Amino acid sequence: MAGDPAAKADFLRLLASHYLQIRRAIIMYVPHENDADDVMQETCLALWDHFSEYDRTRNFAAWAVTFARNKARNHLRSQYRRKSFGLPQQALSNLAKVQEAYSELFELRREKLEDCMSELHVDDRQLLWDCYGDGVKAVQWARKHDTSASTIHNKLRRLRDKLFDCVNRKLGLRKRRRS
0 MAGDPAAKAD FLRLLASHYL QIRRAIIMYV PHENDADDVM QETCLALWDH FSEYDRTRNF
60 AAWAVTFARN KARNHLRSQY RRKSFGLPQQ ALSNLAKVQE AYSELFELRR EKLEDCMSEL
120 HVDDRQLLWD CYGDGVKAVQ WARKHDTSAS TIHNKLRRLR DKLFDCVNRK LGLRKRRRS
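Mapping of the sequence shown onto numbering that gives the first Met the number 0: residues 0 to 178, in sequence order.
Hints listed in this document are in silico derivations from the structure and should not be mistaken for laboratory results.
Computed from a prediction, not measured in an experiment: that's the story for all the values here.
We put the beta carbon where it would ideally sit given N, CA and C, even for glycine.
Accuracy of the hints is not assured; some may be wrong.
Capping the alpha-carbon separation at 27 Å, the derived lysine-lysine pairs in DSSO-like fashion look like this [stated by the list, open to error]:
{"id": "1", "residue 1": "136", "residue 2": "154"}
{"id": "2", "residue 1": "169", "residue 2": "111"}
{"id": "3", "residue 1": "111", "residue 2": "143"}
{"id": "4", "residue 1": "111", "residue 2": "96"}
{"id": "5", "residue 1": "111", "residue 2": "161"}
{"id": "6", "residue 1": "154", "residue 2": "111"}
{"id": "7", "residue 1": "136", "residue 2": "161"}
{"id": "8", "residue 1": "154", "residue 2": "143"}
{"id": "9", "residue 1": "161", "residue 2": "143"}
{"id": "10", "residue 1": "154", "residue 2": "169"}
{"id": "11", "residue 1": "96", "residue 2": "143"}
Computed spacing ranges between beta-carbons, pair by pair [unchecked claim]:
{"id": "12", "residue 1": "101", "residue 2": "16", "range": "14 to 20 Å"}
{"id": "13", "residue 1": "153", "residue 2": "7", "range": "42 to 48 Å"}
{"id": "14", "residue 1": "146", "residue 2": "65", "range": "19 to 25 Å"}
Work the whole structure out from these sequences, hints included.
Below you can see the structure in the form of structure tokens.
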């Protein structure tokens, strides 16, 4: 695996796209930035060491966050033994459960968002991808498509509202109240 450039590229792509999510999982346990950096580095090394075991049909973020949580807990245990500080094990366990539930909800919302995006008109999807995925500013998009920036801002707001309501509907949640 170490010599496989395709595997390395795949790993780096997945790591880059989920880096912040992995880092957030670590920071929940290790709030001190320098310690969190160390744990993140250890996590990245462990992820690469075990990447050949990763099942590509599974969610990479969930797999990586599990490694991150384990590394963070190990770090806290060693800190606790050395310095006698940190959260009690039960508190850490509760935090892990909350973080795991949050990750599952986030993943479920992302899946529903993909479903809702596929229901949009192709032009609306393209506008969203251009402005949010590729980072094109609404003003630039408006100029390029010969329309006003306020029209694009309003359309983006309506599309965000529509997607928000669609995701909530698919999850069985109530529509948001409009003010």
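Evaluated hints:
Proximity of residue 136 to residue 154 is assessed by CA-CA distance (about 13 Å); at most 27 Å being required, the pair is judged to hold. Between residue 169 and residue 111 the alpha-carbon distance is near 7 Å, which keeps this suggested pair within the 27 Å criterion. With a C-alpha separation of about 31 Å, the suggested pairing of residue 111 with residue 143 is violated against the 27 Å cut-off. With a C-alpha separation of about 23 Å, the suggested pairing of residue 111 with residue 96 holds against the 27 Å cut-off.
Simply put, residue 111 and residue 161 have alpha-carbon atoms about 13 Å apart, close enough for the 27 Å limit, and the pair holds. Of the pairs offered as hints, the one joining residue 154 and residue 111 holds, with about 21 Å between alpha carbons and a cut-off of 27 Å not exceeded. Pair hint residue 136 plus residue 161 holds up; C-alpha atoms about 20 Å apart against a cutoff of 27 Å. Restraint check for residue 154 and residue 143: the C-alpha separation of about 16 Å stays at or below 27 Å, so the hint holds.
A distance of roughly 25 Å separates the Cα atoms of residue 161 and residue 143; the hinted pair therefore holds under the 27 Å criterion. The straight-line distance between the Cα atoms of residue 154 and residue 169 is roughly 22 Å, inside the 27 Å bound, and the hint therefore holds. Only pairs whose Cα atoms come within 27 Å are accepted, and residue 96 paired with residue 143 is rejected, the gap being roughly 47 Å. Separated by about 18 Å at the C-beta atoms, residue 101 and residue 16 satisfy the suggested range of 14 to 20 Å.
With their beta carbons about 44 Å apart, residue 153 and residue 7 fall inside the hinted range of 42 to 48 Å. In this structure the supplied range 19 to 25 Å is violated for residue 146 paired with residue 65, their Cβ-Cβ distance being about 46 Å.
Comparing the model with each earlier hint shows violations of hints 3, 11 and 14; every other hint is respected.
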